[in-house]
Each structure stands twice: as C-alpha cells, then as structure tokens.
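Add chains L and X to chain W, keeping to what the hints say.
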Amino acid sequence: MIVKEQVRTEMSADGAPRETFVINIGPQHPATHGVLRVKMTMDGEYVVRAEPVCGYIHRMQEKMGENRTYAQFLPNTSRIDYLSAMTYTHAFVGAVERAAKLQVPPRAEYIRVITSELNRISSHLVWWGAFLLDLGGFTPLLYAFDDREKILDLLEGITGSRLTYSYYRIGGLCNDVDDTFIKGTRAFVAQMRPRLKMYRGLVTDNIILRKRLIDIGPISKEMCRKYGATGPVIRGSGIPYDVRRVEPYSVYPEFDFIIPTFQEGDSMSRYLVRMEEMAQSLRIIEQALDKLPAGPVMAEKVPRVLKLPAGDYCYAVEAARGRFAVRIVSDNKEIPYRVKLRTPSLSNLSLFEEASAGMLLPDALALMGSLDLVIPDIDR
Amino acid sequence: MTSLSKTVSSLWPEPLRLVLFLVGILSFVGLNAAYLVWVERKGAGRFQRRPGPTEVGWAGLLQPIADAVKLLSKQLIVPAGADTTLFRVAPLLMMSPALMSLAVIPFGPSLAARNINVGLLMIFAFGSINVMAIMLGGWSSRNKYAIISAARVVSQNVAYEIPMLLVVITMIMVTGTMNLNEIVLQQAGAFWHWNFFKVWVNPLMPVTFLIFYICMLAETNRAPFDMTEAESELVAGAYTEYAGMGFGVFFMAEYANILLGCALATVLFLGGWQSPIGILPGVFWFLVKMYFLIFSVVWIRWTFPRTQFYGLLNLSWEILIPVSLCTLILSSAMMKLLHA
Amino acid sequence: MKNSLKEIAIGFNSLVTGMRITIGQFFKPSVTVQYPHESLKMPERFRGHIELVRDPATGKAVCFACKLCERACPSDCITVEGAKLDGAKKRSVTQYILDFTKCSLCGSCVEACRDGAIRYSHEYNLASTNKEDYIMDLFKRLENERLEAERLEGSPKSEVQSPTAEAPRQEPKAADEPSTPNSQPPTTPK
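Going down the list, the sequences are from chains W, L and X. Taking this note's numbering, the leading residue of the first sequence gets 28, the next gets one more, and so forth. Taking this note's numbering, the leading residue of the second sequence gets 1230, the next gets one more, and so forth. Taking this note's numbering, the leading residue of the third sequence gets 232, the next gets one more, and so forth.
For reference, chain W alone in the conformation it holds in the complex (with noise of 0.2 Å):
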C-alpha cells in the first residue's frame, strides 16, 4: 500500500484538492533512453508534472574540446550520439574546414554523403526497434538489428570500426572506398526496400500500433517554435525544417530527395516521418552512388598543425534526432578557445514536460520515445 506520508493533497487547476505520488521513471531505463531520470508527479494514472533530471552521463565533451587540438578532439565527435557518428564528425570537420577555407575534394563530399545518410538509417532502424520494445513488440527489433548489421558491416569495411567511426579527416576522409563497399551498398539498398514494406506490414498498419500513437502526445507549431525542436519532432508536427534545404551544406543541394513532413503533431506523424526519412535517405544513396567521381579524397595541402584564424565558425548538419551545430571560438592557436556543441536531444526533451502533462503514464511514455533522445547527446 502506499504509505500516508508519500501522499500529497494539492490543489488542481479547477480548485479541487487532488492527491498525488511522486515516481522515478529511471535513470535506469530498458532499451533506449540511456540514463535519464524523469520526476512524475503523478495524480493515480494521470502524470501532473514529468521534470527530466539528466547529468547522469555528463562527460565534459566540450570541456575536452578546450584541451585538444582539432585533430584530437576528433574521435570526441563520434561519441557525442553514438548513433548517428558520421553526422557530428562531419559537423565538426565542417567547422574546421569552414574556417581554414580547406577545399574538400568532390569525392570526398560524395563519400561523406554516402556514410552519413547509411548512419541515419542505422540511427533510425534502432530507434524504431527500441520504440516498438518499449510499447511492447519484442520482435521488430531483431529485424531492425539485422538490417542495421548490414550496414555496419559495410561501414566496418571501410572505416574499421562499428560504431564509433572517425572516418573522416579535417580536409577529406581517411582513406578511399573499395569496390566491395560500393558494391555492398547497392545490394543493401536493393534488400533494404522491401524490408521497409515487411515493416509497413508488419507494425505501421497494424491496428494495435495504430491506436497506442494516433492521436497521442500532440506537440504544436507553437510548442515546437518555443522549445527549438527540430528533426523529425518538427517535422511531424507540420513545419518542414530540414537543414539539408534550409542551410544546405556538403553536396546535398544536388540530390533529388524529398522532406517527410505531417501535419498532425502526435506520436504517429513522428513515427512515419522516421519511415520515410529512412526511404529519402535510400534515394539519396543511390544517386551519391550513380554520380561519385573519381578522384583524391584527401584536400592537398591539410597543415599537419592546425591553427584556425581567431573568429567565430559555425556549422550545422541534419542528424538523425535533429539539427546538430559545432560553433568553434577560436584564438589562433592548436587548441580552440570553445566548441559549443548545439545538440537536438536536448530542445526536444525539453518540451516532454509541457507535452505531457495531464496525459496518461503509457501515453507519456509513448511520447518519450517518439521523440527519439539519446541521453549522452542531452548530456554530452
């Protein structure tokens, strides 16, 4: 039973007294969400106010952003969101390159497009796997984890590592693609899309998903607007903001892809727009493959001590969870003066607490996930 003490009378809005409990969803969460502690107060199934608690897993990346040189803080990059790596190192290098002025060659851009949007499908399958775990289908996520060891295996052949890339250099990458990924890549684009139809199958059209997320944790424009979120949450909920068209970087300006975006704002616009971003980025693939030039991947001329002109440089790139900005304050040394890292996960958690409130615990929960965080990019 619940004990008197833990038991509050407060009044509500309308003047009536109502008890409520405090519970700790967390920091130790199944799947997904990583060490975050979310405070509901709750009024029996209803949440009254959800209050994230996140640090649990700040490690001071930008702190050892002030005590690295450039090269060095790279491998940094790829820990920030581990799940889209390739699009934070290439935020980062993009900063640096921006500010030496370093010409990156065109293969490179190509190559870099390739990986990056590879990763946000890796990104997305596991967000999807580990959403569906949460609202209970064990399943999709071993068919999720399958394709994305499809991935990984591709990406492992050229850059060595799974996870963790830091595959691309301050003026290019750090070495050339074989046939064997170029190859791989077209089969896996070729097996890819008709498992995104057994998906539509299997889960989006099923009629239990369908009523755990239609209609559940609405987000407004206005709501969206007055928290900065962006990525997916923004998309589904009407405003197509993607910073591949609104501030294009890279060699994206060249490819024919369109923004999913849904204008009704739940749980479920968020979901599809994760789907079809995971069927743009297929295209977008297939076209880097058809028009990659040949060429050096290196830029000439990349000082082996890197000092950046003092002056303040910024880059932003669409990662998987949303807009990711590296703003390097440099003084005209090896090591910058401040990298600010702008990470998404952070403005989209922080309207889980307006969003949610009064709704129910599973609905609250469902809205959690299709906001798709990742706790070390909150905490860095």
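Do not take every clue at face value.
To be verified - In silico DMTMM-like cross-links for lysine to aspartate or glutamate, where the CA-CA straight-line distance does not exceed 25 Å:
1) X:Lys-333 <-> W:Glu-183
2) X:Lys-362 <-> X:Glu-301
3) W:Lys-238 <-> W:Glu-380
4) W:Lys-328 <-> X:Glu-301
5) W:Lys-210 <-> X:Glu-275
6) X:Lys-333 <-> W:Glu-361
7) W:Lys-367 <-> X:Asp-307
8) L:Lys-1271 <-> L:Asp-1296
9) L:Lys-1271 <-> X:Glu-269
10) W:Lys-90 <-> X:Asp-330
11) X:Lys-371 <-> X:Glu-381
12) W:Lys-334 <-> X:Glu-301
13) X:Lys-272 <-> W:Glu-183
14) X:Lys-237 <-> W:Asp-242
15) X:Lys-237 <-> W:Glu-361
16) W:Lys-360 <-> X:Glu-275
17) W:Lys-90 <-> X:Asp-307
18) W:Lys-238 <-> L:Glu-1390
19) X:Lys-272 <-> L:Glu-1284
20) W:Lys-360 <-> X:Asp-307
21) X:Lys-272 <-> W:Asp-203
22) X:Lys-320 <-> X:Glu-301
23) L:Lys-1271 <-> W:Glu-176
24) W:Lys-128 <-> X:Glu-342
25) X:Lys-259 <-> L:Glu-1284
26) W:Lys-334 <-> X:Asp-307
27) W:Lys-238 <-> X:Glu-238
28) X:Lys-233 <-> L:Glu-1547
29) X:Lys-259 <-> W:Asp-173
Stated by the list, open to error - Covered stretches of chain L (chain X as the covering partner; in silico rule of three or more C-beta atoms under 8 Å from a C-beta of chain X):
30) 1348-1357
31) 1525-1538
Because the hints were derived from the structure by calculation, they are not lab data. Glycine included, each C-beta is placed from N, C-alpha and C at the ideal position.
Quick look at chains L and X alone, frame taken from chain W:
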C-alpha cells in the same frame, strides 16, 4: 465383518483412481509449465531469426530445469510492512484454480478425473479466483507499482470475463449440456462435426471462437494484453516484490492458466479428443489441438505490441460484449427455428 | 455502424498480415553466429589495438621513437622510449607501452606515424581478468615474436605454431567453418 470388507473393497478403486489422476494432473501441469517456457523461448527465438536457448542440454531442453534450480535457490524475501499471509498465499491462489479445473477436462475417451455434470460451471467458478490472486499479490506488496498494476488487472479481468461467459452460455445453449465429456461426444465424426463448424446452429460460430480466444488471452494476462506484467512503469507490475520461487509459482501459474484456456477451447470448439478424420480418436488428438492453440498464443505474443490500457477495456466493452450478445441472440433464434 | 464494422475488418486484416509475416520469418534460417563456437573474419581495415611493424630487411622494429604517435594520441595512452644503440646511426625503440585501458581506437597514432611503424592488429578476443594484460608492451611483444620465429625456423617440424599469447597475427575463422574453440589455423608466413 465380511460386509464391511466388501464395502471397503468396492470403495477402494475410486480413491486410488483419484490419487492417480491427482498425481497425473500435477505432473502434467508441472511438466508443461516448465516446458512451455522452453517452447516460448525457442519460439521467440525462431520468430526473431535466432536460435533461442541452446547451451544447457541438447537444444536447450534442460534450460527450464536450470531456471527452476536458480529460482529455488533464491531467498523468499517478504518486504517489511507487507501483509505476510496474503503475500505468501497469492501465488498459491493463482496456481490452484488451474489445477483444480483440469480435473474436469476430458483428455481422452476415459481420461477425465471427474465427469461432473456442471463441469463448465465449475471451471468458471474457479477461474474467478485468479483475479483475486493477482490483486492480493499486488496489494499486499506495499509497492506503488504493484498497486497500480493490481488495480489494472482487476478491471481488465472483470471486463473480459463478461464476453467469455456470454460466449460460454452460447455454447451451453448449442450443446445443451455443461458436462465436458458429453460436449466432446457430441462432436464425434470428422472435423466438420466439430462445434467450430456448426454454423447452422450459430451463424457466427467462428466469431464466437475468436471472442473466446481473445478473452482467454486477456484473462491469462498474455500479450497483447499484458499490461500488468510488462508495462507498469517498466517494472514487473504486481510481481515486483516476489523473489525466487514466489515469482516462479506466478510464472508457472500463468502457463497453467494458458494450458487450461487452450484445453477448454479445444473441448468446446475443436472437438476435444475426436480425430479430424473420424477414426482413431484419443488423447493424442487432444494434445495436438491443444498444443497448436498454445503455439498460436506464443505466435501472437511475439508479433504484436501491447494494447493501450483503455484500448483494452474499450475492446471488451464496446466490441466484444455487443458481438457476443449478438451471437447469443442469433444462436437462440436459430435454435428456435431449427426446432420449430 | 458501417464505418466501425469496416474499421474492425481493416484492423483484423492488419493483425492477420502481421501474423503472416512473423510465421514467414519463423521458417527462415537463423542469422546468429554462435560466437564461441563460430566466429567471423575481420575486415582488412579492422581497428584492433596497434602493433609494431617489423622491417623485413633488418628484422627489427621500424619504429625509431620519434614520439609523433605519443603526441597525437588524444588519450595519452602511448609511452615511447628510444635510445641510440652502439654503432647505429638512428635511434631505435627500446620501450613502447600502450595503455589499452585508455585507448579509444581512434587511429590518430597510426595516421601520425610517418614511417608506417605501427599498424592495427586484428585481435578482438581480448577478455581478461586482470588489468596488467591491457598495459601492453608492444616492443616486448615484437621481440618475443622474433625469438619465437627464430626458434621455430631452427626446428625441423614447424608446421603449426603453438598458440601463445604473443603469436603472430592470427585470423579468426570464417563464419561458415564452425570449429571447436582453442584450435588455431597454421599461420601464413609474413
């Protein structure tokens, strides 16, 4: 003196027979409860394209034994402040109705422990104890998550008992008896004699079977209706505070209940021990049909996500109860027409 | 009424489709590689911990302790010491300690080295119960390798290498050859 010995000797076979059946049922349920875990884990593995348990024994067949040994070796912790009597009694309360109800299920032509005339009624009478068991287990644990889960279980089970009973009433009307052995005997012949195919008496018979099946899944707290176990705030729900064999008994009781539900569905709808080709009836066919239904229960668990709690209740109150009322009315109308 | 019946029909159909998909997967083969009994072949560029490269001409390490790798490492896990041996023009390495507990396998050291003196190994079976196994003395390993190779060259029956911890680079077997644990293939000559 001789009359006394005659009376004793005439009484002797029946207690012996009952004791044999008791031992038989206990061992059947025990073996099944343990090895259904193996079936579930192997099945889950195959659905997920992975092997499942393989290390302990050939193909993992000793895995349930290893799990049982592990659970037996743990200390039975009763939380401070919990109601100790209720806490300890709850797992037993959940296991016993399944065991007792299996006494009336006809496994074979002469394999029913007791051929009670109101066998069906007895099963449902005992079945309602299940709800109380989980509720007591959750309530006596002195744990927020357990309380919430216990409250959910009560509303879920009450909501799903109603369509189940309505469906069973329909079947009683169709078959005219509550004696399970007679129900099986009525379905003699090839498979089109089974109750499942008797659409001239109840045009919605397959729907009736479906409703019974769904209610059985909900009553045993099985996915996709397993809010109590798996979801409650991501902890184990009503079983949170149970350690070692207390949890083990709950677990086994869940499988015993599935066993009972599938056995009942086989007897009521699929012809019990009757063979589908009309010859060689026997316990073999009963087991085949029952295990096929159990496999489908496992299949459903690993395919679908969990329903929403209010979705679960809405399904029952808004869909299942009206449809089962429909079948009841339709079958009574058809029976009136047939007899007229 | 008609709408809700249609909804129920569509919903039921979606459930049946889902079940059809899972039963289809039920009969497909398992994709698991049962790790201790089978293992996978690592790709060429796999990043295991680093190891020193031996110069085939001189038989000694290429590394001459210029300490570029030590400076490039972001985690400060490399310690290199070198000395000029008698009669040699260049320095040679005398100690090369890799603290693998701190290494993040970023590869900065391999890239920083101008002479190709270090390369990635393909070892991933590194589980151990004491920490000292991870403070790797790579120079000593290279020396042990050389002594082992000389010893085996001397003996007539040198078909199979003994499976010592400092054996030259082994390649784990491919996944389609399940084998018993602890058996190692004969090493390919360098």
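- Item | Ascending list of hint numbers which this structure does not respect | Of the numbered hints, 15, 16 and 30 do not hold.
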